[in-house]
Amino acid sequence: MSHEMYHADQRPWRQVLETFAAALYGPERARELETEIARMAEALERLSEEGLDLWEAAPDLRGVPGEESA
Amino acid sequence: MSEQPAFSICGLVSQIKERRLRASEIVAACLERIERLEPRLQAWVFLDPEGSRREAERLDRLADAGTLLPLHGVPVGVKDIIDVAGMPTAAGFEPYRGRVAREDAPIVARLRALGAVILGKTHTTQFAFADPAPTANPWHPERTPGGSSSGSGAAVAARMVPLALGSQTAGSVLRPAAYCGAVGFKPSYGWFATSRVIPLAWSLDHLGLIACTVQDAALTYVALLEQRVDLSFQPQPPRLLLLTDFLDRSEPAVRANLMEAAQAFRDAGATVEERRLPVDLDLLLAVHHVLMTTEAAAVHRENLARYREHYGPRLRAAVETGLLVPAALELHARRLRARLARAIDELLAQADAALLPTVPAPAPGRETTGDRSFQAVWTLCRVPSISLPSGLSPDGLPLAIQLVARQGHDRGLLQVAAWCERALPRLPEPPVAAGA
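Sequences listed follow chains A and B, in order. According to the numbering used here, numbering within the first sequence proceeds without interruption in unit steps and concludes at 70. According to the numbering used here, numbering within the second sequence proceeds without interruption in unit steps and concludes at 436.
Hints are computed from structural coordinates only; laboratory data are not their basis. For each residue, glycine too, the CB sits at the ideal point set by N, CA and C. Wrong hints could be hidden among the right ones.
Covered, in the sense of this in silico footprint (three residues per stretch, anywhere, with C-beta under 8 Å from a C-beta of chain B), are these stretches of chain A [what the hints assert, rightly or not]:
no., region
1, 21-27
2, 30-44
3, 51-59
The calculated label-pair distances, taken between Cβ atoms and stated as ranges, are [to be verified]:
no., chain 1, residue 1, chain 2, residue 2, range
4, A, Q15, B, P313, 48 to 56 Å
5, B, A305, A, E45, 45 to 53 Å
6, A, A22, B, D248, 48 to 56 Å
7, A, R29, B, E367, 19 to 27 Å
To spell it out: a stretch of chain B is covered by chain A in this simulated footprint if at least three of its residues, at any positions, have a beta carbon under 8 Å from a beta carbon of chain A; those stretches are [unchecked claim]:
no., region
8, 31-45
9, 91-105
10, 410-417
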């Protein structure tokens, strides 16, 4: 995994996802996933703009079967 | 709109209680209507006419012996991701055809204990995602009924049944209700157990109710949780926040309809204040998209590897893309979710409910299940939301308003919605039913 992934200002998400997709599914399927990858890349870029410091709350991992009380 | 329509749950329950109707008569009438309309609508993937008739006759014997249950004889459709004992749960997935459930999902068991009659399973998009089901919209055969609870929305709107179960991971209860002209209610996250329900995204999946009126949704909700009938709603004029971010993204007919509804509410005594969201709508949608897609990928990873050719193109693409997202980013989304939900809660605490359109435009064509963006925000924040029909577009398609309240304020939201429903026009029967 490239260290560039952790530098949000470089916005590498589309390239990263396309590289992963080509490695996992082959280049043809990666091209077929172009629209979905673009949408996810845009979402990840938007999330990456939001900082969270070390003292913010831990992620809420509830909602997994067996842990939810409802 | 102060009277209950005859085909409402409230109306049926009253008539059963007064011995003016029997369960077997109600079930027979629904089965006959389904037989007439189903060739055009395709709302049902499985029907059990004989089992339904037997159950209705059993309920009639109970009534004759003096026992009346809270939902005595009410016919119900169940979305085909929810287990009903003795019926298949296929979830729109070919390899699951003939896979018969051995046990009821808890919500189905509770409905049966309340006297409801499960007529059958309604069509869902595959695994409750976005590849369209075969169901048509009762208002126009070339328009989507919405999804993923497509059959449930169409069946209630066409008066095949007064109640149907759905589920919502983004917008899949409220959007079909809106497009089909029914009421769709998604309570707070975790309001009812989701065991024996095929998951899509565990931290986003909510069970929901589709009914003809708010009173029906409220009666069913209280009956499910408290096993009693409560028709004692005394709604008061609410304080509403009209969220203008969503108006900015709506078509003109939807904007105009919402503003008319807001004015009708003001004229009837409500306070309606315009407000902006405290956080970026696109950030909310981005967080929802990352969480839904990565969780769906976790749910479907093995099944996709085994049955790739049977997956619909949209679900397959979502799962394969979800598998690409690094875990640290998924957890970042989860942490952001908590921050966003707190900000939304602070907004919702300032009024009885927020008001916005359910969907940005009327039902589109059948190549899609429609736009989830106006519903997904509330699913992400796990708060209760409800869609009410609010009129017809210039080309005769249903329009709808959405009300949202703080997490855990489900009853308060139902009270607000019941009040608002009285100030809104009642829709006519959809063309598919009128022409039958």
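Hint-by-hint comparison with the structure:
| no. | hint | result |
| --- | --- | --- |
| 1 | 21-27 | holds (count 3) |
| 2 | 30-44 | holds (count 10) |
| 3 | 51-59 | holds (count 5) |
| 4 | Q15(A) <-> P313(B): 48 to 56 Å | 24 Å, violated |
| 5 | A305(B) <-> E45(A): 45 to 53 Å | 29 Å, violated |
| 6 | A22(A) <-> D248(B): 48 to 56 Å | 38 Å, violated |
| 7 | R29(A) <-> E367(B): 19 to 27 Å | 22 Å, holds |
| 8 | 31-45 | violated (count 0) |
| 9 | 91-105 | violated (count 0) |
| 10 | 410-417 | violated (count 0) |
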